[in-house]
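K.L.:
Listed here are the chains, written in short residue letters.
Number of protein chains: 2
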Amino acid sequence: MAGIKEESSNKMFGGWQKVFSHDSSSLKCSMKFGIYLPPKADSEKVPVIYWLSGLTCTEQNFVTKAGAQNFAAKHNVILVAPDTSPRGVNIEGEDDSYDFGSGAGFYLNATTEKWKTNYNMYTYITEELPKVVSENFPVIPGKQSIMGHSMGGHGAISIALKNPGKYSSVSAFAPICNPIECPWGQKAFTGYLGEDRETWKAYDSTVLVKSYNGPPLEILIDQGKADNFYTAGQLLPDNFVAACAEAKVPVILRIQEGYDHSYFFIASFMEDHIAHHAKVLNA
Amino acid sequence: MAGIKEESSNKMFGGWQKVFSHDSSSLKCSMKFGIYLPPKADSEKVPVIYWLSGLTCTEQNFVTKAGAQNFAAKHNVILVAPDTSPRGVNIEGEDDSYDFGSGAGFYLNATTEKWKTNYNMYTYITEELPKVVSENFPVIPGKQSIMGHSMGGHGAISIALKNPGKYSSVSAFAPICNPIECPWGQKAFTGYLGEDRETWKAYDSTVLVKSYNGPPLEILIDQGKADNFYTAGQLLPDNFVAACAEAKVPVILRIQEGYDHSYFFIASFMEDHIAHHAKVLNA
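Chains as they are written, first to last, in the numbering used here: chain L, 1 to 283; chain Z, 1 to 283.
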């Protein structure tokens with residue numbers, strides 16, 4: 001293994017759930033990521049799906065609670081679940097809030113003086129981590145998709161839209177769809193990008209989709225109707241769907257009666273999401 | 001809800017994953033249990049499967065990591081996952097060890113002076129909890145099965161053998177099969193039951209199966225071959241299988257290559273276990 005260290009390894013559904021650590025050049029700190037290798041990866045190269053977690057999460061939440069490995073084994077895909085921010089980089093106040101700093105990297109490259117040295121999750125997810133994965137694991141070059149939850153749903157959709165053709169498919173659970181218009185996004189973008197709201201648009205899916213000009217991308221979104229953050233206006237999927245309609249980008253938004261924002265909700269629809277990606281990746 | 005308090009409620013796979021607390025008369029403290037109600041339980045009575053967890057666990061481990069709800073929803077069964085010991089009963093030393101006291105009730109009724117007031121998990125699991133469940137949830141009377149992991153696998157098998165006809169089926173993941181012959185069991189039984197080893201036999205599955213004289217009971221056991229506690233002689237499934245052969249009690253022991261003692265192992269074979277119980281319960 002080049003430049004990565006195995007932290008744990010557990011057989012699961014005939015394959016292996018592992019966690020690795022490595023020194024990240026884009027984040028200037030040690031980072032962990034979870035990776036599930038399906039049985040087929042013992043002998044052949046397979047596609048990879050990246051999972052981006054939400055606020056407060058580490059790589060462990062998806063690994064232990066999402067129930068995704070079962071379906072990754074069946075559909076012959078690798079799952080990669082990184083951490084959600086740089087860790088332990090000693091920036092004053094980095095651990096003060098659940099929705100800013102540690103555990104809240106927002107999948108962007110910071111430009112403010114205080115954060116720009118370390119908070120470059122956009123580069124980490126789109127360039128550094130795929131390079132680490134392709135150098136160390138049996139992935140088919142170019143066969144990758146992306147999905148995520150909440151802040152990670154924002155990350156997945158915005159990253160897919162900013163990189164036409166790089167990801168074969170995209171999906172999200174309760175994504176922050178229009179961060180420049182919600183309290184979570186406004187707080188994070190002010191801190192990481194500064195006061196000039198024009199610069200925020202580069203990371204807002206509802207803005208980005210209007211100028212999307214890449215290959216067809218069918219976006220699947222599940223949103224719990226009983227999700228407190230949905231009713232509080234943090235997620236704003238309707239804004240995104242309206243923008244998709246305007247841009248003629250296909251989106252499937254499923255409002256799921258009774259479901260909340262938790263991993264119980266995520267697990268309930270994970271099979272559908274893995275199938276959504278596998279259909280394209282294994283075509 | 002009679003005498004129970006809802007602590008959490010999350011929609012999952014069309015049903016509900018809930019946690020309740022209640023004052024236990026057999027344990028003389030407040031106890032929590034997880035319960036998954038499948039969609040069918042909205043309108044009809046269904047069977048119930050009890051899950052007994054292993055050392056150090058609370059009700060949360062099974063609820064968040066086992067991935068069982070998906071299959072309970074498909075097979076129309078309720079899942080009940082209690083805590084593994086009394087909590088906060090202020091017995092000197094109760095929190096000193098991971099394998100004795102809190103989180104390590106061993107599913108027996110203690111007889112030693114120090115522990116006998118509270119450490120009555122056998123009565124709690126076989127009498128009090130089923131009464132609480134049947135009074136508050138739509139269960140079909142008499143349609144119940146039991147399964148568990150490690151210490152909870154010992155609990156499931158010994159409880160099924162001690163109560164012929166009470167449980168329709170039984171299964172276990174990496175159970176402590178012969179506690180009187182392993183370090184975990186010897187430590188726990190000495191503490192809870194005293195020095196007289198004759199009294200220990202009342203809770204040892206390998207002893208109990210030799211005198212089992214009830215309705216047919218097909219016992220399913222999965223054991224990871226790479227499980228450190230298996231290789232260290234804490235689990236001793238071979239002793240149990242030999243005793244079953246002698247007693248002509250059918251047992252299926254599957255040694256699973258590469259799997260360890262974790263919930264990654266449990267999740268991998270949960271579908272088989274739920275199906276094993278549902279086949280009998282829904283017959």
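Possibly wrong hints are sitting among the right ones.
[Claimed, not checked] No more than 30 Å apart at the CA atoms, straight line, and that leaves these computed lysine-lysine pairs for DSBU-like:
(1) Lys32(L) - Lys225(Z)
(2) Lys65(L) - Lys65(Z)
(3) Lys40(Z) - Lys65(L)
(4) Lys210(Z) - Lys65(L)
(5) Lys279(L) - Lys65(L)
It should be emphasised that the hints constitute simulated quantities derived from the structure, not laboratory data.
K.L.:
Would you mind marking each hint as holding or not holding in the structure?
P.N.:
Structure-based check of all given hints:
no.	hint	in the structure
1	Lys32(L) - Lys225(Z)	holds, 28 Å
2	Lys65(L) - Lys65(Z)	holds, 5 Å
3	Lys40(Z) - Lys65(L)	holds, 24 Å
4	Lys210(Z) - Lys65(L)	violated, 40 Å
5	Lys279(L) - Lys65(L)	holds, 24 Å
Comparing the model with each earlier hint shows a violation of hint 4 alone; every other hint is respected.
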